[in-house]
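Novice: Residues per chain, in single letters:
There are 2 protein chains.
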Amino acid sequence: MSANITGDSTQPTVELFIKIAMSNWEIQNSRLNKLLDKLTDEQLSAQTSPGRNSGTYILGHLTAVNDTMFTLLELGERLYSQLDEAFIKNPDSSGLEKPTLAEIKEYWYTMSTLLKQKMDAMQPHEWFTKHSAVSADEFEKEPHRNKLNILINRTNHQSYHMGQLIYLNNNESD
Amino acid sequence: MSANITGDSTQPTVELFIKIAMSNWEIQNSRLNKLLDKLTDEQLSAQTSPGRNSGTYILGHLTAVNDTMFTLLELGERLYSQLDEAFIKNPDSSGLEKPTLAEIKEYWYTMSTLLKQKMDAMQPHEWFTKHSAVSADEFEKEPHRNKLNILINRTNHQSYHMGQLIYLNNNESD
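Same order as they appear, the protein sequences are chains A and B.
The first sequence maps to residues 188 to 361 in my numbering.
The second sequence maps to residues 188 to 361 in my numbering.
Careful, some of the hints might be misleading.
All copies of an identical chain are treated as equivalent in the list; a pair is satisfied when it fits inside any one copy or across any two copies.
Below, simulated EDC-like cross-link-like pairs (lysine to aspartate or glutamate); rule was C-alpha separation at most 20 Å, straight line [unchecked claim]:
1. Lys303 x Glu264
2. Lys221 x Asp271
3. Lys206 x Asp324
4. Lys317 x Glu202
5. Lys292 x Asp224
6. Lys206 x Glu329
7. Lys303 x Glu293
8. Lys206 x Glu313
9. Lys206 x Glu327
10. Lys328 x Glu202
11. Lys206 x Glu325
12. Lys292 x Glu261
13. Lys221 x Glu264
14. Lys206 x Asp307
In short, the hints are calculated from the structure, not lab data.
The structure displayed is predicted, hence computed values, not measured ones.
Using the sequences plus the hints, can you model the full thing?
Specialist: As structure tokens, this is what we get:
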């Protein structure tokens with residue numbers, strides 16, 4: 188499946204690293220999409236726990252945060268920067284006007300689909316270049332702050348909120 | 188910081204990828220340990236949301252799941268396999284006898300410290316060998332099912348439950 192960068196078949200390959208990171212990303216996305224298919228709009232609009240962020244807010248938050256990956260990974264313009272104010276910079280309780288749940292869902296699917304397409308089209312070596320929020324000087328000192336690190340970090344971020352969204356599902360004991 | 192496997196300084200290195208995975212693991216552990224420092228035993232014993240797993244249960248669950256990594260990563264005998272029955276195979280509501288919170292905390296810290304020591308002592312190439320739960324035949328077909336994949340997957344698992352544990356902290360809006 189992967190050209191070997193050393194010619195030694197016992198050596199790991201760059202493609203293998205990317206496959207590991209991408210497969211973990213896809214597991215998270217597939218779990219979240221399955222949960223979205225299962226929940227009614229009423230369930231998704233509820234608070235994940237009394238006084239805590241609603242499912243709608245968390246989905247808007249994940250849409251906004253993952254949307255910043257277009258910029259961080261240098262994959263072109265992001266789609267929904269207008270979401271940052273209500274879903275990143277402020278909590279659910281901000282009272283700021285928010286898109287409807289139907290709109291947020293549409294943004295989520297559009298953003299996820301395009302992001303996946305663009306990530307799939309990246310060349311292996313690009314994942315090891317610096318992400319756009321780190322300076323060349325910082326990157327020289329901390330070469331692990333590359334695009335692949337963003338992918339792994341955002342996978343963890345989504346997983347964190349998935350642990351909360353699952354509380355909206357009354358049939359799930361996790 | 189890392190010997191380059193191709194001799195080409197623009198090429199990513201094996202060590203870099205391990206550093207990315209380990210730094211994300213450490214971020215999760217450090218966040219969880221900070222939360223444990225902050226919560227009272229009463230807070231930690233409470234349910235993370237009405238009818239959901241308690242903080243004590245989730246800490247026992249994370250201890251048991253991470254403890255299986257000694258086996259999966261072939262780092263020697265695991266420490267606390269007796270936890271699996273109450274904290275992996277059964278939910279909080281099982282009614283099974285469980286260790287006290289003080290004991291679970293002690294197991295958590297002992298297991299985490301030893302696991303970190305053993306992971307730090309692994310040679311880079313070992314991370315790319317198969318984990319113990321995959322057969323040689325399966326690994327031939329799916330070479331990404333290596334030890335590094337376990338680390339990334341278990342980081343996501345911990346992050347998922349961290350999203351729930353944070354609900355025990357009354358001063359935290361996430």
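Novice: Against this structure, judge whether each hint is valid.
Specialist: Results of checking the hints against the structure:
no.: 1; hint: Lys303 x Glu264; result: within (15 Å within a copy, 40 Å between copies)
no.: 2; hint: Lys221 x Asp271; result: neither (25 Å within a copy, 28 Å between copies)
no.: 3; hint: Lys206 x Asp324; result: between (29 Å within a copy, 19 Å between copies)
no.: 4; hint: Lys317 x Glu202; result: both (18 Å within a copy, 16 Å between copies)
no.: 5; hint: Lys292 x Asp224; result: within (11 Å within a copy, 37 Å between copies)
no.: 6; hint: Lys206 x Glu329; result: between (23 Å within a copy, 10 Å between copies)
no.: 7; hint: Lys303 x Glu293; result: within (16 Å within a copy, 42 Å between copies)
no.: 8; hint: Lys206 x Glu313; result: both (14 Å within a copy, 18 Å between copies)
no.: 9; hint: Lys206 x Glu327; result: between (25 Å within a copy, 15 Å between copies)
no.: 10; hint: Lys328 x Glu202; result: between (24 Å within a copy, 15 Å between copies)
no.: 11; hint: Lys206 x Glu325; result: between (27 Å within a copy, 16 Å between copies)
no.: 12; hint: Lys292 x Glu261; result: neither (24 Å within a copy, 43 Å between copies)
no.: 13; hint: Lys221 x Glu264; result: neither (28 Å within a copy, 37 Å between copies)
no.: 14; hint: Lys206 x Asp307; result: within (10 Å within a copy, 23 Å between copies)
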